Every structure is written in structure tokens, then in C-alpha cells.
Amino acid sequence: MLLDPGMDLTLRPMRYPDFYERYRAAIRNTWTVEEVDLHTDLADLARMTAQERHLINRLVAFFATGDSIVANNLVLNLYQHVNAPEARLYLSRQLYEEAVHVQFYLTLLDTYLPDPEERVKAFAAVDHIPSIRDKAEFCFRWIDSINGIDRLESPGERRLFLLNLICFAACIEGLFFYGAFAYVYWFRSRGLLSGLATGTNWVFRDESMHMEFAFSVVDTVRAEEPELFDDELSAQVTRMIEEAVEAELAFARDLCGDGMPGMSVEQMRSYLQYVADQRLARLGMPARYGAANPFAFMELQDVQELANFFERRVSAYQVAVEGNVSFDETF
Amino acid sequence: MTQIVEGDRRLAIEEAAARVITDPANSRVAARLLAEEIAEEAAGHGVRTFAESVAATHAAGLVQDALAAFVAANAAELDALIADEADERFEYFGLRTVYDRYLLRHPDTRAVLERPQHFFLRVACGLSTTVAEAAELYALMSTLSYLPSSPTLFNSGSRRPQLSSCFLLDSPRDELEAIYDRYGQVARLSKYAGGIGISWTRVRSRGSLIKGTNGHSNGIVPWLRTLDSSVAAVNQGGRRKGAACVYLETWHADIEEFLELRDNTGEDARRTHNLNLANWVPDEFMRRVEADEPWSLFDPKQVPDLTDLYGEAFTRAYRAYEADGRFVRQIPARTLYGRMMRTLAQTGNGWMTFKDAANRTSNQTARPENVIHLSNLCTEILEVTSDAETAVCNLGSINLAAHLRAGDGIDWDRLRATVRTAVRFLDVTIDLGFYPTPEAAAANGRWRPIGLGVMGLADVFFTLRLPFDSPQALALSTRIAEEIALAAYDTSADLAAERGRHPSYDDTRAAGGVLHPDHYGAAGSPRWDAVRAKVAAHGLRNSLMLAIAPTATIASIAGCYECIEPQVSNVFKRETLSGEFLQVNRYLVADLQARGQWTQRVRDDLKRADGSVQHVPGIPEDLKALYRTAWELPQKALIDLAAARQPYIDQSQSLNLFMAEPTIGKLSSMYAYAWKSGLKTTYYLRSRPATRIAQTTVQRVAPDVCSLENPETCEACQ
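Taken in order, these protein sequences are the chains called C and F.
Quick note: the first sequence, position 120, residue 120 per our numbering, numbers continuous.
Quick note: the second sequence, position 717, residue 1048 per our numbering, numbers continuous.
To be clear, the hints were calculated from the coordinates, so they are not data collected in a lab.
Possibly wrong hints are sitting among the right ones.
Said to hold, decoys possible - What follows is a set of in silico ranges between Cβ atoms, one per label pair, in the way DEER data are often shown:
1. F:GLY546 / C:ALA320: 53 to 63 Å
2. C:ASP328 / F:ARG796: 25 to 35 Å
3. C:ALA46 / F:GLN395: 23 to 33 Å
What the hints assert, rightly or not - No farther apart than 20 Å at their CA atoms in a straight line, the calculated lysine to any residue pairs in the SDA-like style are these:
4. F:LYS997 / C:THR111
5. F:LYS572 / C:GLY191
6. F:LYS904 / C:GLY195
7. F:LYS967 / C:THR330
8. F:LYS572 / C:PHE327
9. F:LYS572 / C:GLU35
10. F:LYS904 / C:PRO294
11. F:LYS904 / C:PHE327
12. F:LYS572 / C:HIS39
13. F:LYS938 / F:ARG350
14. F:LYS542 / F:ARG657
15. F:LYS997 / F:TRP554
16. F:LYS572 / C:GLY195
17. F:LYS1007 / C:THR330
18. F:LYS572 / C:THR111
19. F:LYS542 / F:TRP554
20. F:LYS938 / F:GLY949
21. F:LYS938 / C:ASP18
22. F:LYS632 / F:ASP505
23. C:LYS121 / C:GLN51
24. F:LYS904 / C:ARG190
25. F:LYS572 / C:THR330
26. C:LYS121 / C:ASP254
27. F:LYS904 / C:GLY191
28. F:LYS522 / C:GLU322
29. F:LYS938 / C:PRO294
30. F:LYS955 / F:GLN928
31. F:LYS1007 / F:TYR851
32. F:LYS522 / F:PHE765
33. F:LYS997 / C:GLU322
34. F:LYS938 / C:PHE327
35. F:LYS967 / C:PHE327
36. F:LYS632 / F:SER539
37. F:LYS1007 / C:PHE327
38. F:LYS997 / C:THR330
39. F:LYS572 / C:LEU45
40. F:LYS904 / C:ASP254
The structure displayed is predicted, hence computed values, not measured ones.
Here a beta-carbon is modelled for each residue, glycine too, at the ideal position from N, C-alpha and C.
Given the sequences, and given the hints that come with them, work out the whole structure.
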């Protein structure tokens, strides 16, 4: 079974081909930080109100450490316990993607914050800005919760592991990041910060895959060991998600203050609750909030993009292509 | 109106715009609100009438004295032309584009100083000498029947009226000074919003000896890196960077490094992230690919005349150099072809354009010294270049959707009338335009080419319920191209009688009695005989007249599908510098609304399927066939449509091809077919991302069910 302790090395016969396909799909979507063009963002920043600038400074300060935390959990916990070499292939790839994201946000902060002192402060936000520190502590708590466990022997240990996995998928990548992306797309809907939005599109695409991978690990474990998924686990997940929504809301209060047209704490609350319900639904658990999505601009993210040639780089191309020259295939 | 109400209206606009998918009528609602907003903004600077708007833009130093004087002298008549209700034709995205990018703004306050209809009439007046002329062009623009290209829309009547869309520069000569001189030319042309095509074929390849220093050349890549930076550094008026496409002939010994320039892996010092790339492919190469023979790569320093030859002459010279052993190295032609296909799949770039097809039928290549060396940024322009002549083209496109007669097809009389007006005004732009380099002015004065194209072909097919791959669609599309060509040639011959033939007319194939469709045996009808007789009597005012440009922005303004393209998706978003905009196929929605089927469930299904109706339950088969997307149509049909209209397009077409999951096998078959079909050029290969963003606003059908998010692993949807 997937969570049986050990370091399985044999790829054939492959037990979980779906994980391997995810690994291959991820490789086809390689992007690099150098492709993102941030040059118009600086002009936008100069035009923003003080309130908007405060929001964006806090937001990038969160980004400065967010992906590093996810990468740490991946190395410290997930890689050790998800015992299938094809799954570990995917996790290796995910680790690389987290590194690209870290590099992207590093470049972003260096570009957005030319003043060295401000820059150092932003990178240290996780230590001294309460709304960012609290989110980080939420993450650390769940990293630590299984850090001492070397082997997942008992059902209790396996449930603890599942909580860690679900936390990173549903609460961190699936809620903290989704909240952060919503701010970016709110700016984008007003024609601002298109460089950040381009990079975010690609980060978002990767994060979506990470989350879906984690959920498919959950699905697999559920199929193999249904008894692990009892009411207690469900209740714990719901509590954890409630806590994450609260932490993200505190962050929203810090970012939005009294609110701006189209972006307020109340709207963010119902957006986060709406997203949280979707995570619960994906896990086959009952909705907690029954909220609706208040952000019309998020609907845009669900729709295929048609990049305008002159203005933006097309982000849809594939890295790996197969086959040989021939003249009689149908097209 | 108070501050609060304005804020409310802005939110109302955004809300309406975001709800376009629920009901496309919201698009017009948002547009109407935006039009009010624009009118108020202009009124803030005292602008209500057209005359007031030109007075205000003139006072702000934005338009020519001559235009201001013309408008002041005819103020009452011109003001009476303005049809404010014409704003109601705009979809939201179109009006928003006009507002964000085209309306003239006060240099300090950034408030607009004209309304959309003022803008159209200002553009028309900038190209006219009488009120009647201005009225004729304005009538076409305000009905969204015809729009000139963006540079003309941006700059008509302005103090520096750069009106041309495309510039094609010959390869720099193989020497340092010539290369640096080209950078300067590119920068000057770029600054005024021109798209750049430039060949690099004459520049020596890597390892070639440099006599002056006794060193070896690093090849073309370092030069192209400099070009890349230079192009990116030039800001075109507003916020858009310059854009350029580099052409290289397939025999150049640096071709393999060239093909890697856009990769996002590998050494960044050998990458150009801003340049577009195109292959300028001789027939001899394609023949050797077919025959699975070797291909020889040369240093242009050793074979300087190859780039100035095409057809038989090229093949003879190429084979002689090869027999002489002058090549740098040889590789199997199929290996190189496979690499070209890989580049297309990985980057969408490395466009396949065909040197011999381009030259063989061009009106400009009657004399052997006049050779086409490249196409332009969007692969629809094919004009001769040399060191002394930078080819230029002025473009405009007819909105076919605006030429439909209620119910029964194209209004051919109106279409012909639109062509006549369009050709006359495109011809005028040649004389009114400001040319940033003497090489561009020289070429345009001599050849006077124009590029009249179309947009909204997909709208026509949807309205008439013709699937893209139906024989009726092929026949109609070909007839449209032929009617436009007939009217364009006829008008240019009239213009030659009125204003004189273009100075290099004697160097053209038309002077010898051969018109473009004759190369294809496609001008046998009496109507062509009549045109041929008129050309024989008067000559032509323009050496080339027809080109199908991509129309990305002007199709947005007109609210129609781009040029000759099929729809990419029934629901998609546009990302532009002013934000993201949801677009939904309003023809599909109208059909489904009529059946009471445009429900939230269907909308979610459609989004989940990335805008495809093929697996949405309850959609009848005829609608499924009609509303296929570009990804679902056989690409052979797109190539067949393009090949059938090629006789009537004397330049070329920006033909995108679409393949969701490209393989080398499918691509090599497709491009070989395109070449054999006689296409002169192709444009992007569009493919799709291998993974995608998780949808936030679509409810999952049920957990654990394979959704279309991951079609590769979903058996159900194969």
C-alpha cells in the first residue's frame, strides 16, 4: 500500500501510472523566471495609491517565504512517506517547481523593492509581520506534527500523515495561495501588474497540479485503506480548514484595511469560504460554509486564454514533443 | 455626477463585463455604461462635439495644424456627420480597447479628449481633403464595416503620422558597420509602432574566418541577442514593446542554433526571448525531406549569391556549390525538418514560410534582381527588399460580418463598394505617411503596395450555418477572396488612370500582362478579362494589394472573429494590457437560448471542457459540428481554405495552425501538405498547455470522477 513504510525502488510493474503521467505532464509545462517580463509593473506601482501599495508590499512579503515552506514539508515529510517511486518522481518534479517559484518571487521582490533596507524587511516578514507570521506558524505546526515519525505503522500515524498532506494541499496551496492569487487577479482585472499576473498564471498552474496530485494520493489511500477515513478525521479536517480560513482572513484584514472598490475583507471572507467548501467537496466531505464566489474576475481564471500576440508572451507551449518525421498522418 | 456614482458605475461596468457568459447581452450593457463614462470624461475638458474635440487635441499639441484647420473650416458639416448612436454597435471589449488605447488623451490629465465616434471621424479626416471623402470613410468605420490597421488608427492626423503596419528589412550585409546600421533602422521603425521583419541570412556563420583580425566568427546568435535587447528596449508610444521576427534561410549553417533561440532551457546567453523566428524555406529543402536525402549547410560568406536566387536558379547554384564541397557540413534533411517541427511544437515559433512560392507568383519579381527575401512580423506581407529598400505595407481589413444581408449571405454590391473605398484610402496613406527611414520611404514610393484583408469569416460561417470544413464554406470563402481581388485590381487600375501608375510598374509582371491569379489559372472569367484589359490600358497604382493580416486588435474593436480564423473556443478570455476579458460565442448562446438550453449547468460543462461543446450533454449534432473549435477542426480544412483563396491573395495570409497535442509525425505531415498546397507562408503553431489552472468557479461534478481537466488519463473522453 502507498503508505506502507519503506523505500520502494521498482518502477515495473508500475502500481500508480497516474502519478507517472502527472510527472510527465508537469515536465511538458516547464517555464522559467526569465520568461516573465516585469517591466510594466514598475510604472503601475508608481501610479498606485498608498493603500494599494501597502497591499502589494504585504502580498509579496508573504510570497517571499510561502513556497519555501511548502518545499520544506515536501522534503521533510511527503517524500519520506509516500512510498512509490513513480510518486516520488512527481514529488521531485514538484520540488523543482517550488524552487522556480521561490526564484520567481525572489526576482519579483528584488524588482519591486529597489531599496535594500525595505527589501531585507520584506524577506524577514515571516518573523515580524504578525499576519504573515501567524500563517507561517500554522504551517510549521503541521510540519512538526509528523516530523518525529519515521515510519507510518499505526492507523493513528497514517491519519496524522493524511492531515499533514491535506493541510498542505487544501489549506496552504489550496487556500493561502488561492487567496493571494485573488489579489493579483484583482489588480489584473484593472489592468495593473500584468508581469506579476503572468508569473502568477504559471505558478497557479503548477500549484493546481500539486494540489490535484496530493488529492489523488488521498484518493488512493482512501481506496486502499478506507477505514482511515472516519468521522474523526473528517472533523479534524474541517477544524483545520476553519483555522486556515481565519488565518487568511487576518491576513486579509491587514492587506485590505477598510477595503477598496472591488476588494474588501467581507468579499475575501466569502471567497475564502467558497474555496474552502470546494476543498471539502473534493475530499468528499460536507460543505462547511455554503458561501458564493463574490469575485467575478476569478471566473476569468477558469477560461482558456487567448494571448494577444503583440502584448503578451504565449504561455501555452509544450516542452516535450515526441515522434518522427512522416508524411501520412492525419491532421 | 458625484464621485460615488462614478465609482458605482465603474463597478457596474466590471460586474456586467464579468457576467458576459451568463448572457452576452451584458456586453452591450457594459459598453453603454462605458460610453457614458467616456462622454463625461471628455466633457470634463469641454469636449462635446467633433469640432470641439479636434480643437482640444490640437491645443494639446496632438494633431496637425492642417487637420485642425480643415475641421475648423468645415465644423458644422463634420459635426453633423457624427452618429453617436453608432456607439451601440460596440461590444464591451471593443469599446474598452478603443478607450484604453486609441482615444487621444490630454498629456497631463490623461483624460480622453475625444469620444469613439470623434476618433473615427478624426482618422477619416486625417486621410481626406474634402468632407465628402471623410464622410465616405467614416461611414465604413462607424458601421464597423472596415477598419484601417492600428498604426493608421493611432496616428492619422497626428503630428508624426506613421501609418504603416509592417516593415521588412533585408539582411544586413556581412560587415560590422552594416549590422549596427540595421539595429538603428530597426529601432527607428519600431519606435513608431511598426512591426519588424528582418532577414539575417547574409551574415556569416559560426567559425567563419574574419580577415581583419584573423579570428573566427561566433555566428549569428550574439548579433541576434543584441537585436533582441534593442527591440525590447524600444517602447512604442504607450506601453507596448517593439516586436520583430527574424528570418533565416534553411541552408544557413547556424540554422540549428537559430531554432533554439526561443527555448526556455539551456544557456540564456544563447536565447532571445523577445524575437520571433521564421524559416525561409526553399523548395529544394522540402524535396530532399521528401526524398530523405542529405542537406548541405553553408556559410553565406562562401555563397553570397544564394539568398538572391530562387526557383531553378537557386537549385542550380545550390547543387553546384554542394558539388564543389563548399558546405560547412551536411545533415539528413529529415533530421533538420524534424528539428523545425520540434521548435514549432515547443515554442509556437519558427514559422514555415516558403521562399519559392513567395517569389514565383509575386508581381514584384519580374526582374531577376528583384527578390523577396523574407516576410514580415505576421507572415502576410511578401515584398522585395534590398540594402537600399525597406519594404513597407499599409493595411486595412474588411469586416465580412458587417456585409451579411439579413438571412441570405453576402451583400456582394456592398462588399465591392467597401473594397473600392478601402483601396483608395490605403493608397492615400502611402503619400500621407511619415517614414522613419529613407530606405522605407524609397521603397514605398516606388512600389506603392497595400494590404487589404478581411476579418469575421467565422462570423459569416456561423450566421450561414456552414461548418469550416464544408464544401459550401470553401466555395464561399474562395468567392469572397475573388470578389475582393477583382474590385481591388479594378480600383487600382482606375487610380492609375487618375493619379498615375506606381513608378516601378514597368518592373512588374502585370506590365507583362500577367496578374496574380493567372499563375494559378484562376482568372479565366470574363470579369478578369475586363480587369486585365483595364490594367493593360492604365497600369496599376499599386504593385500588390491583398494580404490577410491577423487583425488581433481591430477585430476586437469590430467585435468579430479574427481574419480568416476559426474560433479558438466557445468561451475564452482575452488578456491584454488593460486587463482580462471574458468572451463567449454569442452565436452559440443565441442558439442555446432559443432552445432554453443556456443553463448554469451547460455553462459549467462548457467551461470544464475548455470551451468545447462536443461532450456537453443535450447539444444536438448539427450545433456540435458548427461550433467546433480550432482544436477540433481538421487542420487540413484550414489549409485547403487558405490554398483555395491563395490565387486571389497576391501577398499572403497570417495562417495559424492549431494542434492540441502536437507530435513530430503530425506536424511534419501537416507542413508538407501546406507546402504542396502552394501556400506561401504559415504563421504560429498553436498548441495547448499540458497542464492547467484548477478551476475555482466551476463546481466539480463529483469527486473521483475523471474530469476533462486531465484528458490524457481520461478514457471517457478519447
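Output the numbers, in ascending order, of every earlier hint that fails for this structure.
1, 4, 8, 11, 15, 21, 25, 28, 34, 40
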